[in-house]
Amino acid sequence: MSQNPARQAEYEKAGERMKTKTKKQREIRNNATAWALMAPALIFMLAFTVFPIFRSLYLSLSKYKLGMDSAEFIGLENYVKLAGSKLFWKVMKNTIVFALMTVIPSMAVGLGLAVLVNRKGKGVGFIRTAYFYPVVMPMIAIASVWMFIYMAKNGLFDQLLIAMGLKPMNVLSSKNTVLPAMAVMYVWKEAGYLMVFFLSGIQSISDEVMEAARIDGLSEYGIFAKVALPLVKPGIATLVIFTFVTIWNDFMGPLIYLNSTRLKTIQLGIRMFISQYGADYALIMAASVCS
Numbered sequence: 001m002s003q004n005p006a007r008q009a010e011y012e013k014a015g016e017r018m019k020t021k022t023k024k025q026r027e028i029r030n031n032a033t034a035w036a037l038m039a040p041a042l043i044f045m046l047a048f049t050v051f052p053i054f055r056s057l058y059l060s061l062s063k064y065k066l067g068m069d070s071a072e073f074i075g076l077e078n079y080v081k082l083a084g085s086k087l088f089w090k091v092m093k094n095t096i097v098f099a100l101m102t103v104i105p106s107m108a109v110g111l112g113l114a115v116l117v118n119r120k121g122k123g124v125g126f127i128r129t130a131y132f133y134p135v136v137m138p139m140i141a142i143a144s145v146w147m148f149i150y151m152a153k154n155g156l157f158d159q160l161l162i163a164m165g166l167k168p169m170n171v172l173s174s175k176n177t178v179l180p181a182m183a184v185m186y187v188w189k190e191a192g193y194l195m196v197f198f199l200s201g202i203q204s205i206s207d208e209v210m211e212a213a214r215i216d217g218l219s220e221y222g223i224f225a226k227v228a229l230p231l232v233k234p235g236i237a238t239l240v241i242f243t244f245v246t247i248w249n250d251f252m253g254p255l256i257y258l259n260s261t262r263l264k265t266i267q268l269g270i271r272m273f274i275s276q277y278g279a280d281y282a283l284i285m286a287a288s289v290c291s
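Heads up, the sequence shown stops at 291 in our numbering, and the numbers go up one at a time, no gaps.
There may be inaccurate statements among the hints.
Unchecked claim - Distance condition first, Cα-Cα at most 27 Å in a straight line; then the derived DSSO-like pairs of lysine-lysine:
hint	residue 1	residue 2
1	65	81
2	189	93
3	63	81
4	90	65
5	189	153
6	86	65
7	93	175
8	153	167
9	233	189
10	63	86
11	90	189
12	93	81
13	63	90
14	153	175
15	189	122
16	120	167
17	90	175
18	120	233
19	226	120
20	175	86
21	189	175
22	81	175
Claimed, not checked - Across the chosen pairs, the derived CB separations fall in these ranges:
hint	residue 1	residue 2	range
23	84	42	32 to 42 Å
24	126	28	48 to 58 Å
25	127	55	43 to 53 Å
26	23	289	26 to 36 Å
27	154	42	48 to 58 Å
28	37	140	28 to 38 Å
No lab work stands behind these hints, which were simulated from the structure alone.
The structure displayed is predicted, hence computed values, not measured ones.
Cβ atoms here follow ideal geometry from the backbone N, Cα and C, with glycine treated the same way.
My request is simple: use the sequences and hints to build the entire structure.
Right, here's the structure in full:
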C-alpha cells in the first residue's frame, strides 16, 4: 500500500513530462509551419530588395563599368564626384522641390475629399470610386491624358487660356512651369489614394464623440478642426513619409512627360535612368544610394 502513492506520483510526473514534450512539439510544428508560409515572401524580399540594396551600396564604393569582370574598391570617390557635380545638385534640388510641391497639396486635397465623401446617401459610393479611379490607372494612361491637356496651342489648357484672351503657355516646354504642371498631375493621381486613409481614420471616430461635439454647439467646421483632425493627426506623419518616398523614387511620369530631354527640370531618378547609357555604372549606384 505504501508503494501506491509513490507510483501515483511517478505517473503524474511522467504525465507532466509528456504534456510538456507535446506542448514543445506543437510549438515547434507551429513555428515551422509559420516559417514555411513566410519563406516564399522572405526569399523574394531577400532576392529583389535586400540583396540589390547591399549590392548597390557595395558598387557605389567601387570602380565598376558594365562588362567588367569585377569591381575595384575605391571608397568614397564616387560620392566625391557627385558632390562636385553641378548637374547632380541641380536635379537633387528639383527632386526635393517637386516632392514638396506634390506631397503637401496631395495631403490637403486627400483630406478635403475624405471630408466631402464622409456622408451617407445615394451616389456617394460612385463619387468615392470616381475620386479613387486615378490611383488604379496606369501611369502611361495618366501621362497621355495630361499630355493632351498640356499640349502646346491645341491642348485643353492652352485653348482655355486663348478663350480667356491670354497667350498659350506650353507649360511642358518651359523649365519654370514644367514642375508645377507635373505636380498637378501627381496631386490628381495621389489624392484619391490618400482620401481612403483619411476617410478610414475619420470613420473610425465613434459616433458618441461626434454627437457630444454637436451637443456642445460645435459647427461642422469646428467638429472637423477640433475633433476629427486631432484624432487622425497621428497617421498624417506616416502618410507624409510614405507619399514623399513614393514621389521621390518615381521616374516613369517624368520619363513619359519629358521624353528624357530636359535635364534642368527632371528628377534625380530620371537622371539616373538616362545616365545608364554612357555613365559609370558605379557612379549611378552612388546616385541611387543618395536617392
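Okay, which hints does this one fail, numbers in order? Hints 16, 26 are the ones this structure does not satisfy, whereas the remaining hints hold.
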